[in-house]
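Asks: These are the residues of each chain, in order.
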Amino acid sequence: MAEKKQFQKGKMVPVPSVSIIPERDLDKSPILECSHLGIDFGGLTAVNEFNVTVGRTEIAGLIGPNGAGKTTVFNLLTKVYQPTRGTILLDGLDTHGKTPSQVNRMGIARTFQNIRLFNNLTVEDNVKIGLHNQEKYSMFSGILRLPKYWRQEKAAHERALELLSIFDMQDLANHQAGSLPYGAQRRLEIVRALATNPSLLLLDEPAAGMNPSETAELMENIVKIRDTFQIAIMLIEHDMSLVMGICEGICVLNFGQIIAKGTAEEIQSNPTVIEAYLGKQQ
Amino acid sequence: MSFLNNVITGVSLGSIYAIIALGYTMVYGIAKMLNFAHGDVIMVGAYVCFFAMGSFNLPPVAGVLLAVAVCTVLGITIERLAYKPLRSAPSLAVLITAIGVSYLLQNSAQLLWGADTKTFRPLVEGSLVLVPGQLSISYVAVLSIVCCVVVMIALTLFTGQTKMGKAMRACSEDKAAAQLMGIDVNATISMTFAIGSALAAVAGALMCSAYPVLSPTTGSMPGIRAFTAAVFGGIGSIPGALLGGILLGVIETFAKAYISTDLSDAVVFAVLIIVLLVRPAGLMGKYVPEKV
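Here the protein sequences come in this chain order: A and B. Using our numbering, read the first sequence as starting at 19 and increasing by one per residue. Using our numbering, read the second sequence as starting at 37 and increasing by one per residue.
Excised from the complex, chain A in its bound form (with noise of 0.2 Å):
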């Protein structure tokens, strides 16, 4: 294990950059530190200079106009693309040359744009995998039914059933994930993620398609999460009720760049931001 670097109040972020971290997590130190952080396409610079530091319960918002980089930046976040240059530090520890696999073990579970659950499996199977990387016994005591692996499928069962409560789920545990309803299955996703024991929870989009009332009973449960789970979460969503209702920090991309960050308040009176929206005032 590398030495993780404390972050101490009053002194320089490590990074150039304007800290948007919540007071109580300020004598933590951060769990992820984006510094210099960019990726290029062939020749077209898709995020640059992403300097960004989220505290250890902080519940941060990425927003931006289409096509801004903002899932290029999870992409990268969970090494799905390498990056080309910069570093990310989670909880302290460089995850260059990770695969999104080992990520995944760090501490890093996202969800997706467009939902992206295993339709065939049943519910509870989906919040099943996402506990796989803690379930611990070797394939033969698997097919053979040694003890090892009742005890540990038992504890997998109630686990999974304990998650899928946090949404009210666990009457669905035994439905086919692809016949849910949509609200549901972008639910089931959150409480997959979560069953990877993430220490960051990216969430891409979670109120899309939701109608108002859905989307704040879904602020009520991101809340809940983080009070529950003590994580830090990071989300990008175009529902700015959401975002300026939840978000602590919030960081605005344009064309790849950050153009501004700051708590809900600064974002919205902010006029880069303002111009990257509506346009400029003529």
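Source of the hints: derived by calculation from the structure; they are not laboratory data. Please note: incorrect hints may appear among the correct ones.
[Claimed, not checked] If you anchor each label on the Cβ, the simulated ranges turn out as follows: (1) A:235 x B:197: 30 to 40 Å; (2) A:132 x B:128: 22 to 32 Å; (3) A:201 x B:275: 26 to 36 Å; (4) B:197 x A:238: 33 to 43 Å; (5) A:61 x B:253: 45 to 55 Å; (6) A:192 x B:101: 37 to 47 Å; (7) B:185 x A:172: 25 to 35 Å; (8) B:122 x A:61: 25 to 35 Å; (9) B:68 x A:201: 26 to 36 Å; (10) B:310 x A:238: 52 to 62 Å; (11) B:301 x A:152: 42 to 52 Å.
[Claimed, not checked] Part of the chain B face toward chain A, derived, beta carbon under 7 Å: (12) 199; (13) 202; (14) 203; (15) 206; (16) 209; (17) 210; (18) 213; (19) 215; (20) 216; (21) 217; (22) 218; (23) 219; (24) 220.
From the three backbone atoms N, C-alpha and C, an ideal C-beta is built for every residue, glycine too.
Position chain B relative to chain A; hints supplied.
Replies: Leaving out everything else, chain B in the frame of chain A:
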């Protein structure tokens, strides 16, 4: 009585096809590729078993276990060296590579063990007489059917309820999402090749016990028939491989008995074409329309 005899022969031959078809279907389901070298892994398994029993006088069980071990390693090696570098290549490139690996294995076998056919000593000899003079089942047939049943039950339990099995099903649906849920996709694919190749070794020993001629091309025809069985039953589906294998074995035996030995393959493939016209995804396969 000859009808019953044909059914028994057909089912036992079909059981062997089913075991081979599992290798095709699992690899296709998870790695989304057609491993045309699978038939030649059967041949390698049969040779290893042949030499273990013939030259080293090992008991049949030890011979089969040795063949399983060698083929498992062979399967993983083929995947690592030939297919893994092509993971993101177009599927045509992988297909051609698989055909290349198939010829590599055949020619290596010819170089190592010669092109002459060898007579395989059956794993078990004799037969179970049910009606003296009329109806009997060879022990090889019994063994084939038993092996097939055991393998099916073990695989169903494995893929349905164990951690690795669930990882396999997750990979077959969405590799990228599985990876982001902490599943090591490369390890899962290696595991699939290992299981498929181990089964191929068992099938090789069984097949050469039933039809005791062994040459470097022994694996290719049963390989293609088993691939047909996998498509017949619905490629990617484990119960489909069982159903397809058994049906194919029975149809082939009946065609040989009642139509013509020479035409048996033509009949088998004609049935396949008709089934695919009616059910394009195979008997147990799910037809998933592309979303637009």
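Asks: For each hint, tell me whether it holds in the structure or not.
Replies: Here is how each hint holds up against the structure:
1. A:235 x B:197: 30 to 40 Å: 34 Å, holds
2. A:132 x B:128: 22 to 32 Å: 27 Å, holds
3. A:201 x B:275: 26 to 36 Å: 33 Å, holds
4. B:197 x A:238: 33 to 43 Å: Given about 35 Å between the Cβ atoms, the range holds.
5. A:61 x B:253: 45 to 55 Å: 51 Å, holds
6. A:192 x B:101: 37 to 47 Å: Between residue 192 of chain A and residue 101 of chain B, where Cβ atoms are some 39 Å apart, the hint holds.
7. B:185 x A:172: 25 to 35 Å: 28 Å, holds
8. B:122 x A:61: 25 to 35 Å: 27 Å, holds
9. B:68 x A:201: 26 to 36 Å: With Cβ atoms ~31 Å apart, the hint holds.
10. B:310 x A:238: 52 to 62 Å: Taking Cβ atoms as reference, residue 310 of chain B and residue 238 of chain A lie about 57 Å apart, which means the hint holds.
11. B:301 x A:152: 42 to 52 Å: 51 Å, holds
12. 199: Because about 5 Å separates residue 199 of chain B from the closest Cβ in chain A, which is inside the 7 Å limit, the hint holds.
13. 202: 5 Å, holds
14. 203: Holds: closest Cβ of chain A sits about 6 Å from residue 203 of chain B, inside 7 Å.
15. 206: 5 Å, holds
16. 209: Given a least distance of 5 Å, the restraint on residue 209 of chain B holds.
17. 210: 5 Å, holds
18. 213: Given a least distance of 4 Å, the restraint on residue 213 of chain B holds.
19. 215: 4 Å, holds
20. 216: 5 Å, holds
21. 217: With a minimum Cβ separation of about 5 Å from chain A (threshold 7 Å), the hint on residue 217 of chain B holds.
22. 218: 4 Å, holds
23. 219: OK, holds: residue 219 of chain B within 7 Å of chain A, min 6 Å.
24. 220: 5 Å, holds
Checked against the numbered hints given earlier, this structure breaks none of them.
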